[in-house]
Amino acid sequence: MPPAAPVQYLPATGVFSATWLLVLFPLIGAAVLLLGGRYTNKWGPYLGVLTPCLSFVFALFLWMAMIGRSGDSREISSTLWTWIPVNGFHVDVGYLIDPLSMTFVLLITGVGGLIHIYSLGYMAHDERIRLFFGYMNLFVASMLILVLANDYLVLYVGWEGVGLASYLLISFWYFKPEAATAGKKAFVMNRVGDVGLSLAIMTMFWAFGQTNFAAVFGGIGGAGSGVALALTLLLLLGACGKSGQFPLQAWLPDAMTGPTPVSALIHAATMVTAGVYLIARSATIYNASQDGRTAVLLVGAITLMIGAIIGCAYDDIKKVLAYSTVSQIGYMVLATGLGTAGYALGIAHLLSHGFFKSTMFLSAGSVMEGMEDTTDMRRFGALTKAMSVTHITFLCGYLAIIGIPPFSGFWTKDAIIEAAWDKGGTSGTLLAITGIVGAGFTAFYMTRLMSMTFWSKSRWRETFRPHDAPKVMLVPMGILAAGALCVGGILVIGRLLQNWLVPSVGEYTEGVRAVNPWLMSTITLIVVLFGVAGGVQGFVRRPVPTTAPVPVSPLVMAARHDLYDNAFNEAVLMRPGQWATRVLVFFDNRGVDGLVNGLAAFIGGTSGALRKLQTGFVRSYAVGILGGAVVALGALLLLRAA
Amino acid sequence: MISHLASASSTAVAAGDIKLPSISYSALSPILVVFGVACLGVLLEGFLPSRLRPQVQPVVAVLGFAAALGCVVSLAGTHELTAANAVAIDGPALFIEGTLVLFGMVSVLMFAERKADPDGGALVADAASLPGQGTHRLAARNSQTEAYPLMVFAVAGMMLFAAADNLLVMFVALEILSLPLYLLSGLARRRRLLSQEAALKYFLLGAFSSAFFLYGIAMLYGYSGTVSLQGIAVSSGLLGKTDFFLYLGLGLLGIGLLFKIGAVPFHAWTPDVYQGAPTPVTAFMSAATKIAAFGALLRVLYVSFAPTQWDWRPVVWLFAILTMVVGAIVAITQRDVKRLLAYSTIAHSGFILVGVAAATQNGISSSIFYLLAYGFTSLGAFAVVMLVRSGDGEANDLGQWQGLARRSPLLAGTFAFLLFALAGIPLTSGFTGKFVVFSAAIGGNATFLVVVALVTSAIAAFFYVKIVVLMFFQEPRAEGPVVVRGSVLTYAAVGVGIAVTLMLGIYPQPVLDLAREAAQFGFVS
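The listed protein sequences correspond, in order, to chains A and B.
Using our numbering, the first residue of the first sequence is number 1, and each one after it goes up by one.
Using our numbering, the first residue of the second sequence is number 643, and each one after it goes up by one.
Each hint should be verified, as a subset may be incorrect.
What the hints assert, rightly or not - Think about it this way: if two alpha-carbon atoms lie no more than 20 Å apart in a straight line, the pair counts; the simulated DMTMM-like pairs of lysine to aspartate or glutamate are:
id, chain 1, residue 1, chain 2, residue 2
1, B, 1108, A, 462
2, A, 612, B, 839
3, A, 184, A, 194
Because the hints were derived from the structure by calculation, they are not lab data.
Model the full structure from these sequences, guided by the hints.
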């Protein structure tokens, strides 16, 4: 590995020197809404919607300015102020805006802005809607800090900020016990990943003395393979926590107890993709470690299968979508594990996923709104007519995710499968097969979802009056649905995104084993169609029971229990953890406290004894003085003699 | 021995070269002003109608102190030996004089508090009459206004004590400051027998220690033929003399001084006297006597015994350790708030001895800074004690302080803050003081002493925090204390204590600079 050239970013000029405005708008929104209290109740939600939209408009300006620059002058960095000026450890707060962060800024503010608008309708009847928008603004601000940071420590601030916002929003309806529990679970499992990221930052500080991107990327070439491997694995652990990747995926489905716009924005489109961003941003580090990339591939492959399998078994519409998210992020992580051949493809799939998954979540929210907040798909059915617009938007997302040409998923997912095959060797073959099988499962569970919700016979109660959501919700859904249909194609055809991202993640390279892409796509499509057929056969042709059938095959049973992941976590991590706590508490009570209490008792006893010297008699005091005099004179004269 | 000295001076007379020493009245002006105000107070006591005295005396005292403070400020930077080299007006002397008059002002506020006790001030006229006797009812309404001139005399003695450059003058000053304190200790309105017992004990033990002091002077005169501090330093540098008398003299002199600062094992009077004396007097003693005595100790050690510092420093270490450890440990089991503060003051004397033992310029500056900081905190704390009362006088039993925060959160919070300062928690002057004293000791190669001091600070923190817990986290007793509404005077005293404690904790630099500039004894040989 030749030592990498020192990384140089251009100083910010012109409109880019105001990049921080992107963060400032939602930050002000959050501050006003959270600190303003009930005085902002009346107009607060509108302010909350306005701020991400302002950021989006400004991001569009920046984007156009960036397009106007030549390819090699699109990485712009600037320091805002010095955060930690300690001798030997210096951290500046600054930003880096390059094609990668620009892409994310557009996704976060664009999709985020639409979801904010949708929330106006969805949360209209919640009396704490002002607080909701405060948290959402806090999330947008934190997420923008995360993707705009030019230093891992600053990135970590955003990383923790989105974790906090996620926690607050999952347990937004904290009075529901499952929401409170889910928030806590998300927080705790995210901490595991955060430890990985913080250890990675400490390793950077240890190895390079600095934590900013330029220093880390510049130094990684000369740092040795051990440091590179450690960094890749630790960053991967961080990514697994935030992105719900194996083995830290269990929190994401539970997080669906939060309000649906939250699921769409945070737990589908943006925050859970932060792990993918982290790996793509650290491309220089991953390029330096083959073993690290292998670990990423493994995590991605396992997760995409787990998510897809479990997704087939759930009856809760949002949980199916959640496991679908887990599975789709698995695809993205797998892509980033392919190195320079895959970073751009991972980001492409991330973008198209951002559109089609948020479309489906928002549509699911619309369904729930019409069905009195029911999420059990066994209680749905025959909603095509009653919710015609929702059905169409959902259908757009559906076609996009299962990868029917020419919609988004077809371009971005197939590109990943193809790149995996191109990697060559047995591993390439296995990864490609995993991807294809996963695509088949995806087709099956998504068809099952569509069938049970829309196409099968009605199973809802007579009292329900299914209807489409109000316009304020339908318009964002429509825009996102349109994006879901075409974004993938726009990005991948002609390698638009690959070329755009070159400054950030490096030159796009073809794999070693080129295959006719149409052959690969055909095979994938056939498998997908099998999945669709399975779904139609099982859930449209046959009647759907309103309660889940009990005697089922062990595989289905396992899938219904999240492949026993929660049970595994409880047995392997939670119980030993509890035991360790008990042992420590015991040791603390008996050992440490015993020592402390013993010491205190000793001093107290000494005090009691010494106190008796204070007799109250002048004569004994005088004797004390005399004794002291003897000691003082003796000591002085002895020292003189010495 | 006196006759011996007398014969020495008579020899000088016989030689016929007697000359009136030149006296720089301007350099002595702070001390002279305070003496003058004390005399004026005595005159007022004689000629003013009794109903006017309680109003006029405190005003005169405070104005006198203010005038003296003005003199001190105008003398800043003076280095002058005057009155036949008997008095040195130098940095430490002026710093201590200024601090003393400030302490005096705050103490006068507490002396003048007449609202807290329904029967009048904390000091009673005609203290010998017991409750129930015929004269009692008449006396009960009278406050003891002689207390003001007595206290001003004490301050004057203290100022001279810290400035004396001659052991005989120092002894005279010691007596000037001690005698009024013995008297004041016996004037408590409540629990009179306890107060009078305390006064008697203080007097007896004070006389005992004065004898040590005087005997030490004799030994030093015998060694060097002079009672001048610098003369002793000069002759200790000469060779060919047996230095037995030098160290004997130092030891005996030191015992007298250690008694005044309440170092273990010369401390036994402190808890009894602090408990028995009227609280304003206790507060005054804890702040003012301590800084005066430390001023004299610093001067003796740093001027006369600078050449022999390697011989006495280990002895100071020994007494510092003893004082810190015993003070902190015995305080733990105290049940009376005034006794507890007395043991706390003993422990603080130990901490200051740690700075004294450094024998460097930082040793001086850190010690006098600590004394200033501690004095104001202590005055504030005792002022709070004055306001917490039960039916019969102050509620000094700690049990009665339970749950005080429920009844009077502001007062409890104030007291907690002052306790934190005494414990040396950051953002209070106590932390700054300990920090500078301990760094001075480390600079003076006494790191082990600092380790002991830190361990003792931890022990001491226990009983300060214990009171905070008692006040804030326990249910108040049914027969708990009443927090009375004092007059504005006591609140002012508390306020000054809090303000200085906070200021020196947050922004101590000006005062630290002042102490550093002052930390140079004039004419060190």
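Verification of the hints:
Distance check on the hinted pair: residue 1108(B) and residue 462(A) sit about 68 Å apart at the alpha-carbon level, beyond 20 Å; violated. At roughly 19 Å between alpha-carbon atoms, residue 612(A) and residue 839(B) fall within 20 Å of each other, so this suggested pair holds. A threshold of 20 Å between alpha carbons decides the hint, and for residue 184(A) with residue 194(A) the separation of about 15 Å falls inside it, so the pair holds.
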